[in-house]
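If you're matching them up, the sequences are chains U and F in order. Anchor point for the first sequence: position 85 equals 85 in our numbering, and the numbering is continuous, going up by one each time. Anchor point for the second sequence: position 65 equals 65 in our numbering, and the numbering is continuous, going up by one each time.
If you're looking for bench data, these hints aren't it; they were derived computationally from the structure. Be a bit skeptical, because a hint or two may be false.
[What the hints assert, rightly or not] With a Cα cut of at most 25 Å, we get these calculated SDA-like pairs of lysine to any residue: (1) U:K72 to F:A117; (2) U:K72 to F:A63; (3) U:K72 to F:N4; (4) U:K72 to F:K11; (5) U:K72 to F:R53; (6) F:K130 to F:A117; (7) U:K72 to F:K130; (8) F:K11 to U:D110.
[Claimed, not checked] Quick list of simulated restraints, FRET-style, between CB atoms: (9) F:F6 to U:T9: 31 to 41 Å; (10) F:A26 to U:M1: 39 to 49 Å; (11) F:A183 to U:Y65: 33 to 43 Å; (12) U:R105 to F:S93: 51 to 61 Å; (13) F:M281 to U:T9: 36 to 46 Å; (14) U:D102 to F:F6: 39 to 49 Å; (15) U:A83 to F:I13: 32 to 42 Å; (16) F:P277 to U:G100: 33 to 43 Å; (17) F:F289 to U:G125: 46 to 56 Å; (18) U:D20 to F:E279: 46 to 56 Å.
What you are looking at is a predicted structure, and each value in this text was computed from that prediction instead of being measured. All C-beta atoms, glycine included, are put in the ideal place defined by N, C-alpha and C.
What follows is each chain in one-letter form.
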Amino acid sequence: MERLTIAPTGRTPAIDFDFDGGVLRLSGESYPDDVATFFGPVFTALRGFLAEPGGAIRFDIELVYFNSSSAKALMNIFQMLEAAARDGRAVTVNWRFEAGDDAMREFGEDFSEDLEDVTFNLVEGGADGAP
Amino acid sequence: MSFNLFDAEEKAIERARALGERLAEAAPECSAGFNELLEAFTRSYREQRRLVRFSDRLQGQLATVNQELERRRQEAETALARLQEAQEVLVQSEKLASLGALVAGVAHEINTPVGIAVSCASHLADATGKLKALTEQGGLGRNDFNRYLATATDTTALILANCERAAQLINSFKQVAVDRASAERRSFALDAYIQETLVSLQPKLRQGNHTVSVDCPAGLTVDGFPGALSQILTNLVMNSLQHGFDPGREGHITIAVAQPDPDTVSLTYADDGKGIPAEIMPKVFDPFFTTRRGEGGSGLGLHVVHNLAVGPLKGGITVGDAPGRGTLFTITFPRVAPAA
Numbered sequence: 001m002e003r004l005t006i007a008p009t010g011r012t013p014a015i016d017f018d019f020d021g022g023v024l025r026l027s028g029e030s031y032p033d034d035v036a037t038f039f040g041p042v043f044t045a046l047r048g049f050l051a052e053p054g055g056a057i058r059f060d061i062e063l064v065y066f067n068s069s070s071a072k073a074l075m076n077i078f079q080m081l082e083a084a085a086r087d088g089r090a091v092t093v094n095w096r097f098e099a100g101d102d103a104m105r106e107f108g109e110d111f112s113e114d115l116e117d118v119t120f121n122l123v124e125g126g127a128d129g130a131p
Numbered sequence: 001m002s003f004n005l006f007d008a009e010e011k012a013i014e015r016a017r018a019l020g021e022r023l024a025e026a027a028p029e030c031s032a033g034f035n036e037l038l039e040a041f042t043r044s045y046r047e048q049r050r051l052v053r054f055s056d057r058l059q060g061q062l063a064t065v066n067q068e069l070e071r072r073r074q075e076a077e078t079a080l081a082r083l084q085e086a087q088e089v090l091v092q093s094e095k096l097a098s099l100g101a102l103v104a105g106v107a108h109e110i111n112t113p114v115g116i117a118v119s120c121a122s123h124l125a126d127a128t129g130k131l132k133a134l135t136e137q138g139g140l141g142r143n144d145f146n147r148y149l150a151t152a153t154d155t156t157a158l159i160l161a162n163c164e165r166a167a168q169l170i171n172s173f174k175q176v177a178v179d180r181a182s183a184e185r186r187s188f189a190l191d192a193y194i195q196e197t198l199v200s201l202q203p204k205l206r207q208g209n210h211t212v213s214v215d216c217p218a219g220l221t222v223d224g225f226p227g228a229l230s231q232i233l234t235n236l237v238m239n240s241l242q243h244g245f246d247p248g249r250e251g252h253i254t255i256a257v258a259q260p261d262p263d264t265v266s267l268t269y270a271d272d273g274k275g276i277p278a279e280i281m282p283k284v285f286d287p288f289f290t291t292r293r294g295e296g297g298s299g300l301g302l303h304v305v306h307n308l309a310v311g312p313l314k315g316g317i318t319v320g321d322a323p324g325r326g327t328l329f330t331i332t333f334p335r336v337a338p339a340a
């Protein structure tokens with residue numbers, strides 16, 4: 001499946017979904033003017049990817065700022081991943097945040113509450129901290 | 001009693017669970033569908049709680065950032081005010097420094113006639129001493145006396161002429177210095193005033209063999225602030241000397257006064273130096289802008305000129321290229337300065 005890459009802007013994050021490799025990345029800031037315009041194509045691609053059977057999925061998220069709409073979009077993505085995991089696919093989410101960013105840690109903890117079959121890792125580190 | 005923002009939702013979920021249990025007995029075929037709906041509602045409730053928490057946290061961060069922004073804005077404003085004060089002080093000290101240069105220039109200028117007067121007086125004293133000695137010895141001849149008379153006539157004429165020259169210099173300088181220091185308003189003949197200002201600059205101009213030609217309508221009287229005008233001319237000349245004329249090159253400065261209408265005076269000041277590069281032209285009136293920072297340039301000379309032209313003179317100043325080569329300043333101001 002074709003790789004989805006979207007360059008970051010001041011208000012939207014960078015997207016790099018390497019579907020064939022099973023590695024999805026989302027990083028930067030997310031407070032788009034129109035949440036549907038930005039996340040619409042992302043959801044469409046993700047839905048298409050999850051509809052097909054496949055191997056393990058790793059989703060790396062490294063956000064420094066996001067708004068409430070983006071939070072809801074993330075929760076929707078997590079539910080899609082959770083459904084895939086429930087169906088037996090190995091799904092790992094790495095929630096990366098800068099060392100000392102307590103808000104981002106707590107947001108990650110909150111998101112993980114609803115995930116049972118997805119492995120959710122809180123990864124504290126530098127801007128590009130390894131897991 | 002504890003307050004729960006989501007009390008209604010939680011109670012609704014409790015009631016739905018109870019209902020689900022009754023439904024499992026009464027209509028088991030509906031139970032799975034009902035539980036699915038209940039699960040969706042429960043998740044939605046959790047998401048709502050989460051979103052409210054996110055939103056509160058983000059707004060809290062925003063408020064903190066806004067406070068920080070306001071604090072920094074105030075800091076920046078305070079710093080700006082201090083900077084403006086410091087700038088004002090520097091501009092004043094620059095004015096004083098140029099007054100000092102004016103004094104030095106005039107002192108140098110007066111030195112020549114006074115020096116001649118002193119040596120003439122000394123020569124006359126010697127001759128008088130000799131004449132006196134001859135008279136006392138009784139050996140005074142007609143020729144001695146005639147020679148003495150010739151000497152006395154020559155030297156007294158020179159002493160008189162040079163003392164008059166010195167007095168004239170002091171007079172013109174006195175007026176310029178008083179105007180410069182007092183910033184008082186008065187009527188003055190523009191032509192003569194330009195000349196008087198140039199006198200104090202003569203030593204500096206002569207050093208490089210630079211010449212100044214003035215073309216000003218005779219009898220043009222300006223009612224305004226001569227000190228400001230004198231300071232402007234001094235700074236423009238110093239600017240030409242320091243930046244326009246390369247060492248060893250004789251520069252020519254022309255000052256031309258015209259009246260586009262009877263109430264307006266337009267003074268153009270041009271030199272035939274190397275001119276101002278186009279890229280720095282827009283900045284020359286900015287305070288502290290200088291191309292000679294390391295060599296003692298304060299960057300205030302032309303800034304002071306600009307301030308005086310728009311301030312006391314209530315006029316304006318423009319800078320451009322002189323025809324051929326060099327720099328041209330045009331200062332336009334009302335002949336009678338409006339009351340402040």
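So, going through the hints one by one against the coordinates:
1. Between K72 (chain U) and A117 (chain F), the direct Cα distance comes to roughly 98 Å. Violation of the 25 Å bound is thereby established for this hinted pair.
2. This hinted pair checks out: K72 (chain U) and A63 (chain F) have alpha carbons roughly 22 Å apart, not beyond 25 Å.
3. Between the alpha carbons of K72 (chain U) and N4 (chain F) the distance comes to roughly 22 Å, so the proposed pair stays at or under 25 Å and holds.
4. For a cut-off of 25 Å, the pair hint linking K72 (chain U) to K11 (chain F) stands: about 24 Å separates their Cα positions.
5. For the given pair, K72 (chain U) sits about 12 Å from R53 (chain F) by alpha-carbon distance, which is consistent with the 25 Å threshold.
6. For the given pair, K130 (chain F) sits about 20 Å from A117 (chain F) by alpha-carbon distance, which is consistent with the 25 Å threshold.
7. Proximity of K72 (chain U) to K130 (chain F) is assessed by CA-CA distance (about 117 Å); at most 25 Å being required, the pair is judged violated.
8. Simply put, K11 (chain F) and D110 (chain U) have alpha-carbon atoms about 22 Å apart, close enough for the 25 Å limit, and the pair holds.
9. Judged by the Cβ atoms, the range 31 to 41 Å given for F6 (chain F) and T9 (chain U) holds: they are separated by roughly 36 Å.
10. With their beta carbons about 47 Å apart, A26 (chain F) and M1 (chain U) fall inside the hinted range of 39 to 49 Å.
11. Range check, A183 (chain F) to Y65 (chain U): Cβ separation about 57 Å, and the 33 to 43 Å hint is violated.
12. Hint check: R105 (chain U) to S93 (chain F), Cβ distance near 57 Å, so the stated range 51 to 61 Å holds.
13. Taking the beta carbon of each, M281 (chain F) and T9 (chain U) are about 38 Å apart, inside 36 to 46 Å as hinted.
14. For D102 (chain U) and F6 (chain F), the Cβ-Cβ distance of about 24 Å falls outside the hinted range of 39 to 49 Å, so the restraint is violated.
15. At about 22 Å, the CB distance of A83 (chain U) to I13 (chain F) disagrees with the hint of 32 to 42 Å.
16. For the hinted restraint 33 to 43 Å between P277 (chain F) and G100 (chain U), the CB-CB distance of approximately 50 Å leaves it violated.
17. Our hint of 46 to 56 Å for F289 (chain F) and G125 (chain U) holds, since their Cβ atoms are close to 47 Å apart.
18. Under the hint 46 to 56 Å, the C-beta atoms of D20 (chain U) and E279 (chain F), about 54 Å apart, fit the expected range.
Checked against the numbered hints given earlier, the structure breaks hints 1, 7, 11, 14, 15 and 16 and satisfies all the rest.
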